[in-house]
Structures are given as C-alpha cells and as structure tokens.
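Colleague: The chain contents come next:
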Amino acid sequence: MQIGKVTGTVTATAKAERLTGQKLLIVDVVNADGKVLIASTVAPDTVGAGVGDTVLLTHGSAARMAQGLSSAPVDLAIIAVVDRIST
Amino acid sequence: MQIGKVTGTVTATAKAERLTGQKLLIVDVVNADGKVLIASTVAPDTVGAGVGDTVLLTHGSAARMAQGLSSAPVDLAIIAVVDRIST
Amino acid sequence: MQIGKVTGTVTATAKAERLTGQKLLIVDVVNADGKVLIASTVAPDTVGAGVGDTVLLTHGSAARMAQGLSSAPVDLAIIAVVDRIST
Amino acid sequence: MQIGKVTGTVTATAKAERLTGQKLLIVDVVNADGKVLIASTVAPDTVGAGVGDTVLLTHGSAARMAQGLSSAPVDLAIIAVVDRIST
Amino acid sequence: MQIGKVTGTVTATAKAERLTGQKLLIVDVVNADGKVLIASTVAPDTVGAGVGDTVLLTHGSAARMAQGLSSAPVDLAIIAVVDRIST
Numbered sequence: 036m037q038i039g040k041v042t043g044t045v046t047a048t049a050k051a052e053r054l055t056g057q058k059l060l061i062v063d064v065v066n067a068d069g070k071v072l073i074a075s076t077v078a079p080d081t082v083g084a085g086v087g088d089t090v091l092l093t094h095g096s097a098a099r100m101a102q103g104l105s106s107a108p109v110d111l112a113i114i115a116v117v118d119r120i121s122t
Numbered sequence: 036m037q038i039g040k041v042t043g044t045v046t047a048t049a050k051a052e053r054l055t056g057q058k059l060l061i062v063d064v065v066n067a068d069g070k071v072l073i074a075s076t077v078a079p080d081t082v083g084a085g086v087g088d089t090v091l092l093t094h095g096s097a098a099r100m101a102q103g104l105s106s107a108p109v110d111l112a113i114i115a116v117v118d119r120i121s122t
Numbered sequence: 036m037q038i039g040k041v042t043g044t045v046t047a048t049a050k051a052e053r054l055t056g057q058k059l060l061i062v063d064v065v066n067a068d069g070k071v072l073i074a075s076t077v078a079p080d081t082v083g084a085g086v087g088d089t090v091l092l093t094h095g096s097a098a099r100m101a102q103g104l105s106s107a108p109v110d111l112a113i114i115a116v117v118d119r120i121s122t
Numbered sequence: 036m037q038i039g040k041v042t043g044t045v046t047a048t049a050k051a052e053r054l055t056g057q058k059l060l061i062v063d064v065v066n067a068d069g070k071v072l073i074a075s076t077v078a079p080d081t082v083g084a085g086v087g088d089t090v091l092l093t094h095g096s097a098a099r100m101a102q103g104l105s106s107a108p109v110d111l112a113i114i115a116v117v118d119r120i121s122t
Numbered sequence: 036m037q038i039g040k041v042t043g044t045v046t047a048t049a050k051a052e053r054l055t056g057q058k059l060l061i062v063d064v065v066n067a068d069g070k071v072l073i074a075s076t077v078a079p080d081t082v083g084a085g086v087g088d089t090v091l092l093t094h095g096s097a098a099r100m101a102q103g104l105s106s107a108p109v110d111l112a113i114i115a116v117v118d119r120i121s122t
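Residue numbers (this note's numbering), protein chains in the order written: chain X, 36 to 122; chain V, 36 to 122; chain Y, 36 to 122; chain L, 36 to 122; chain Z, 36 to 122.
Same shape as in the complex, but just chain X (with noise of 0.2 Å):
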C-alpha cells in the first residue's frame, strides 16, 4: 500500500454504472514526510475518508477486496484513516 493525502473530490454524470453511489476521492500519493510520489490519482472511499486526511491506498485487484467494490471498475481504493506514521 501507499501513503495518500486527500486533497479534493471528482463528480462525474457519465460513467460506469457500478460507480454509482461511490464517492470519488483526488488522492495524491505520498512519502512518510508528505512529500507527493504521485499527484492526483482517484479512488473511491470505504472507511469515511474526507479531504485533507491521511490515508492508506490499496492498488490494483486489491482495491477490490475492500468494502463494496467486488464488482466495480476500480484499480484503487482508500482502506483505512492513518492515525499516525512512526518513523
């Protein structure tokens, strides 16, 4: 997984219908000092997630192991709130 920081939200009307009800996330993926390895990645929520917190982002066929998108299109998820990072 990879550290994430929530900076914004995505709407979209056209889309895969098994997007529907999922809250879209602007996600840039982080290193443990906050600085941004990859800006602006999107993936849905599953933990009550919302801007400006950190995250845990899970990748590819894992993101589909989490809550509620066994069936979706996604390649990304947000699975947990990250209370804090000891480095």
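In short, the hints are calculated from the structure, not lab data.
Only a predicted model underlies this, so the values are computations on that prediction, with no experimental measurement involved.
One should not assume that every hint holds.
Identical copies look the same in the list; a pair holds intra-copy or inter-copy alike.
Straight line, CA to CA, 27 Å or less: simulated DSSO-like cross-link-like pairs of lysine-lysine [to be verified]:
#	residue 1	residue 2
1	Lys70	Lys40
2	Lys58	Lys40
3	Lys70	Lys58
Mind docking chains V, Y, L and Z on chain X? Use the hints.
Modeller: Chains V, Y, L and Z in isolation, oriented as in the chain X frame:
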C-alpha cells in the same frame, strides 16, 4: 484510477479479434491541474467519451470489469467522463 | 494499452516450456510522437507484427487474454498493428 | 520482488475490517546498495520483521498468497527477512 | 517481459513457507544495450540461470504461471536465459 485527457484516436486493421468494434482513444494521464504524467496511453471508451474530454481511467484487471470488456485483452479503460474536479 | 515500436527479436534456448513457438519481439514503449517512454520490453506477437511496426501493447493479466497465450507466463503481448494515430 | 528496509509503523483506527490484527510497517524499497528507489510503502508483515530489518517485498496479487492475507485488501507484503545479499 | 542481468543472490532464513527451496536471484532490469532501468529486483529462477546471465523476467500474476511457482507469493520470475538480442 487516474485522470486522463483524450487527445486522439487509433485505428488498426490487424488486431485481436476481441478488440473488434472497440473505439480506441489516445489518452494522456494528467494530474488535477492538467499536467501530463504519462503520455499517449490507449484505452477503449465505455461511456461515450471523445477527443477533448477529461475522463477517468482504470488500469489492469479492473479494465475488464467495465461494460463490454470482460473478455477483451485490455489493461486500461475509460469508465467516466469527469464533470468537475474540486481541490 | 500503450503504443510500441518493434525494434528487434530475442532468442532463448533455455526457457519456460509454454514459451515454445512464441515469437518474442523487442518493443520500445513510445508516445504518439514516437518518443521512447520505456526501452526494450519483450512481448510475444499475436497479430503478425514485425520489426519496424507500430503496435499496441497490453500489460499484465490482459496479455493472457490474447490469442494463444492463456497459459503462458507472459505479462505483455502485441495485440494490434497500428495503421494510424490521429491527434 | 524487491528489497525493502523497514523504517517505521503505521496505526489506523478507521480501516478495512480485514486489516484488523495486521502489523503495518513502513518500508522503503531499496537497491542492493541500500539506495531508496520508492519511499514509504506500507506492507503487512508475515514473517516477524521489525524496524531496521532488510526484507523482501512482494507486490500485487502475490501479496495475497502470503500467510494470513488471502482475503485482505492488500497489494504488498513482507515475505522474508533477508540474511545476506551477495553481488 | 523485460530483459534482466543476474548480479547476485539473496539468502533468507525467516521467509514464507512456499519460498522454501526457491533459488532467489538479484536481477537488474536492463534495456537492449545493458543499461540498468530498475536495479536489484529479486526473482526465483525457473530455467537454470546464474550470476552473469542475461534473462527474461515476467512480472505480476504471470510469474505464478512459471514452473513450480503456482502457489508461491512471487510477483517476478526468470522464465528464459537469453541467447541473443537482435536489434
């Protein structure tokens, strides 16, 4: 997922049989500000996108969860036309 | 998918049994202008491509959806010869 | 797989149910000389690794082949503690 | 697939049970001219490769299609020893 900007089309006569009938678009992967992160990916459209549109791209096995692609040899698909990005 | 330019061939005697009979081509991943993004990937051809051709490459498990590759240990395949890119 | 150096830990209260009980470690992907290639990935430990250890990381669906992770939404796992690298 | 150059070996005592008996090699991913693209990946050998050999690497779920790896937690495998690259 990542944000994409549709910039063109690809045509191919000699191709995998299961690509027949798919509209293949050239899409630059971009960040929320429109800066190109990965140039010239190629994705089938599943939501009525066209050149100039901002779209959502899904990678890997997730592409085959999109409408009409379950048995196609594709690793990328357009799954939404983006209306608004709020950051 | 990504656009590729076929630049050569690979031969191997000691290899996985299920690679036997596959023509393995060296392909540079390029953008729509022909600039190399990833040099020297190796992909089996499934559509009659040859050195000098512009092709479409599919990555990951999608490669095994291509003709004749369902049980081969391959993570990349040539699935089309590109006739024209319009941007 | 890639070589990793464990640098810290992550704690999260709001998280996917199937992450409960997993020890999540911060791991830098490094080369054989210890140079950081990808900073701050997050991986569950399956072999008793701790901060300061050099480990092997497996990515993607392979992570769910590791002990205890078959239904977890994870795309990375620590699958060995490295004793020695000989180059 | 990508071309690799075997540069060393890894030994690990604490490891996933299904890695037992696998020879784990350090492999640099290189281009057709031998330039290093990704340093120090770690792959099980399935074709009798050794240090100094030029090999073919397969990534992701394809690695588990290689001989003897179907249930191993591996995301990379050596599937051929390259005899000749013609470009």
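Colleague: Taking the hints in turn, state whether each one holds.
Modeller: Okay, the hints, checked on the actual structure:
no. : hint          : in the structure
1   : Lys70 / Lys40 : both (10 Å within a copy, 19 Å between copies)
2   : Lys58 / Lys40 : both (16 Å within a copy, 21 Å between copies)
3   : Lys70 / Lys58 : both (25 Å within a copy, 24 Å between copies)
In terms of the numbered hints stated before, the structure departs from none.
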